[in-house]
Structures are given as C-alpha cells and as structure tokens.
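A.B. asks: Sequence:
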Amino acid sequence: MAGKKSVQGASLTIEQTNRHHAGTYMCTADNGVGAAVTREITLNILCKLYLIFIVDFNIRVRNVFHT
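So that you can map any letter, position 14 of the sequence shown is 14 in the UniProt record's numbering, and since no number is skipped, the others follow by simple counting.
Hints are not guaranteed to be accurate.
The following label-pair restraints were derived from C-beta to C-beta distances [what the hints assert, rightly or not]:
| no. | residue 1 | residue 2 | range |
| --- | --- | --- | --- |
| 1 | N18 | T38 | 24 to 32 Å |
| 2 | V55 | H21 | 26 to 34 Å |
| 3 | F53 | G32 | 50 to 58 Å |
| 4 | A10 | Y50 | 29 to 37 Å |
| 5 | G34 | I54 | 51 to 59 Å |
| 6 | Q16 | I54 | 25 to 33 Å |
| 7 | G34 | T13 | 24 to 32 Å |
| 8 | T42 | Q16 | 13 to 21 Å |
| 9 | L12 | V55 | 41 to 49 Å |
| 10 | V55 | T13 | 38 to 46 Å |
| 11 | V37 | Q16 | 25 to 33 Å |
| 12 | Y50 | D30 | 36 to 44 Å |
What the hints contain is simulated information worked out from the structure, not anything from laboratory work. Quick caveat: nothing in here was measured; it's all calculated off a predicted structure. Even for Gly, the Cβ is constructed at its ideal location relative to N, Cα and C.
Whole structure, please, built from the sequences with the hints as guidance.
C.D. replies: Right, here's the structure in full:
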C-alpha cells in the first residue's frame with residue numbers, strides 16, 4: 001500500500017488488502033480551507049483464521065512398559 005491515495009467523501013475503501021497491511025499510517029485531510037490536518041491512524045484488518053497442522057508420523061516411542 002505504498003504511495004499517496006486521494007479520496008473525496010466521508011469514507012475510504014481499500015481493496016486487495018491482507019493482514020500484512022495492518023499497522024500505523026499517517027492520514028492527511030485537506031479541504032482547501034485553512035491548514036491541512038495530519039493524524040496517525042491505526043489500520044486493523046479483519047480476516048479469516050487459517051490453521052495449518054504439520055503432523056510428523058516418524059515419532060519413536062521408547063521405554064514403554066505394559067503390565
């Protein structure tokens with residue numbers, strides 16, 4: 001998400017994002033009247049949780065005693 005984005009209106013939609021885009025950004029608002037205002041914003045990305053399981057079937061068991 002590098003570079004400037006210019007938006008008119010009350011909302012901003014950022015498409016094609018992923019969880020790696022989350023973080024702190026600088027946001028500047030300028031309507032041409034008075035000085036521009038810059039604030040730090042935090043972008044949170046909501047995404048699905050993916051779990052990856054790695055199973056090692058080469059486990060050796062030693063010192064097992066059955067009575």
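A.B. asks: Hint compliance check: list the failing hint numbers for this structure, sorted ascending.
C.D. replies: none
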